[in-house]
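Colleague: Input sequences plus hints: build the corresponding full structure.
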Amino acid sequence: MKTSKDPAEILALWDGGLSERERKALLAALNEDDGLRRALAAQLAFEDLLRLASADLATEDAHHSDEVLSAFVQGQLAEDEAQQVRTHLRACRECFVRMARLQRALKERVHAHSAAVPEGLLHKAKRLVALPAQDEVAAENFWQRAVTSAKALAAALAQHFTASITRWQERWQRNPKLIFIPACAAVALAVLFMLLLPKPGVENFAGDRLIILDNGPLGFTAHSEVREYEGMGVREDGENLVFQWPAIPAAAGYEVWLIAGESAEKRPLYNKAEGLNFTVPKHEVELNVKYAWELRGKLKDGRTFVARAEFVRRR
237 MKTSKDPAEI LALWDGGLSE RERKALLAAL NEDDGLRRAL AAQLAFEDLL
287 RLASADLATE DAHHSDEVLS AFVQGQLAED EAQQVRTHLR ACRECFVRMA
337 RLQRALKERV HAHSAAVPEG LLHKAKRLVA LPAQDEVAAE NFWQRAVTSA
387 KALAAALAQH FTASITRWQE RWQRNPKLIF IPACAAVALA VLFMLLLPKP
437 GVENFAGDRL IILDNGPLGF TAHSEVREYE GMGVREDGEN LVFQWPAIPA
487 AAGYEVWLIA GESAEKRPLY NKAEGLNFTV PKHEVELNVK YAWELRGKLK
537 DGRTFVARAE FVRRR
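Numbering (our numbering) for the sequence shown: 237 to 551.
Heads up, a few of these hints could be off.
[What the hints assert, rightly or not] Per label pair, the in silico range of CB-to-CB distance:
(1) Thr515 with Arg539: 23 to 29 Å
(2) Ala341 with Gln380: 53 to 59 Å
(3) Thr402 with Gly467: 30 to 36 Å
(4) Trp379 with Gln405: 34 to 40 Å
(5) Asp316 with Ala275: 35 to 41 Å
(6) Glu464 with His519: 16 to 22 Å
(7) Arg471 with Glu491: 17 to 23 Å
(8) Glu546 with Arg463: 18 to 24 Å
(9) Asn267 with Ala327: 57 to 63 Å
(10) Gly311 with Asn267: 50 to 56 Å
(11) His519 with Pro436: 44 to 50 Å
(12) Ala488 with Pro436: 57 to 63 Å
Calculated directly from the structure, the hints in this document are not laboratory data. All figures in this text were calculated on a predicted structure; none of them were measured in a lab. From the three backbone atoms N, C-alpha and C, an ideal C-beta is built for every residue, glycine too.
Modeller: Structure follows, in structure tokens:
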């Protein structure tokens, strides 16, 4: 429970200036509110400091009002009047204490005002929780009508589709052969579409491995290493077929070997290929026959590499 109490009321409790009912209410509030107890302790410490600072000040009979002291604290008095109040405060303990309290209260009000929520932010918050404007209501009503119309249209289409299915089902029950007519038409249309699709000039069956061999004594392989290698392929370029492949790091050169059809005889098309592609006339490759081709060569460290892929010339 958070209870807001005036510092003067708290001091009245300390000085014994409250009635029994007020004293009990304030004590209950102090028992329930940590912040109020801290405020009481701070106020008492402030009063002790004032008493220590002004113990040597005398007390005069004439005192300034709170309005004059407040104007003095806020700097609203003329220079000569402010000098008179200043001289009086040096000699009057009571006015000095009241002036100090007014000065502290003023600082607390300024701090509370600076810590308050800005007016612009409050205005934005009010706009967020306020009722929508007339144009916003109209737009919202428009979208609601659009959604309602769309739902009604979807329901009508679904009803029409269901009725069509029901009619087809009744016709099929009367004559079961009718169901095969649209099915056969759909199959024929799919086959015709596949036949009319343009066929690629070359169909590739690319490999995905690169084998690196260490040549042992007497030509035997002492060790082999397998790496992933993708990108080998053959493409059609006018009257030629272009063999192409990705670069192999540290390769000293490339050779293309071709296996025609089912024959196991390997023959190098050419001893070396310049760059990363190689061109062969189309008439040297038969139609609709699967060919295997190998990319061979040596690395700079002396090891041999081999990669294999397949292709079929379709036109």
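Colleague: Please test the hint of 53 to 59 Å on the beta carbon pair from alanine 341 and glutamine 380.
Modeller: holds, 56 Å
Colleague: Do the Cβ positions of glutamate 546 and arginine 463 conform to the proposed distance bound of 18 to 24 Å?
Modeller: holds, 19 Å
Colleague: Given the hint of 17 to 23 Å, check if arginine 471 and glutamate 491 actually sit that far apart at their C-beta atoms.
Modeller: Check passed, 20 Å falls within 17 to 23 Å.
Colleague: Mind checking the hinted window 30 to 36 Å against the Cβ distance between threonine 402 and glycine 467?
Modeller: Given range 30 to 36 Å: violated, Cβ gap about 56 Å.
Colleague: With respect to the beta-carbon atoms only, verify the hint that aspartate 316 and alanine 275 lie 35 to 41 Å apart.
Modeller: holds, 38 Å
Colleague: Is the hinted range of 50 to 56 Å satisfied by the C-beta distance from glycine 311 to asparagine 267?
Modeller: violated, 41 Å
Colleague: Starting from the hint 57 to 63 Å, judge whether the C-beta atoms of alanine 488 and proline 436 obey it.
Modeller: For alanine 488 and proline 436 the Cβ distance comes to about 33 Å; the hint is violated.
Colleague: Starting from the hint 34 to 40 Å, judge whether the C-beta atoms of tryptophan 379 and glutamine 405 obey it.
Modeller: About 39 Å separates the Cβ atoms of tryptophan 379 and glutamine 405, which means 34 to 40 Å holds.
Colleague: For the range 23 to 29 Å, tell me whether the beta carbons of threonine 515 and arginine 539 fit it or not.
Modeller: holds, 28 Å
Colleague: Taking 57 to 63 Å as the hint, is the beta-carbon distance of asparagine 267 and alanine 327 inside that range?
Modeller: violated, 42 Å
Colleague: A range of 44 to 50 Å was offered for this pair. Does it hold for the Cβ distance of histidine 519 and proline 436?
Modeller: violated, 19 Å
Colleague: When you take the CB atoms of glutamate 464 and histidine 519, is the distance between them in 16 to 22 Å?
Modeller: violated, 35 Å
Checked against the numbered hints above, the structure breaks hints 3, 6, 9, 10, 11, 12 and satisfies the rest.
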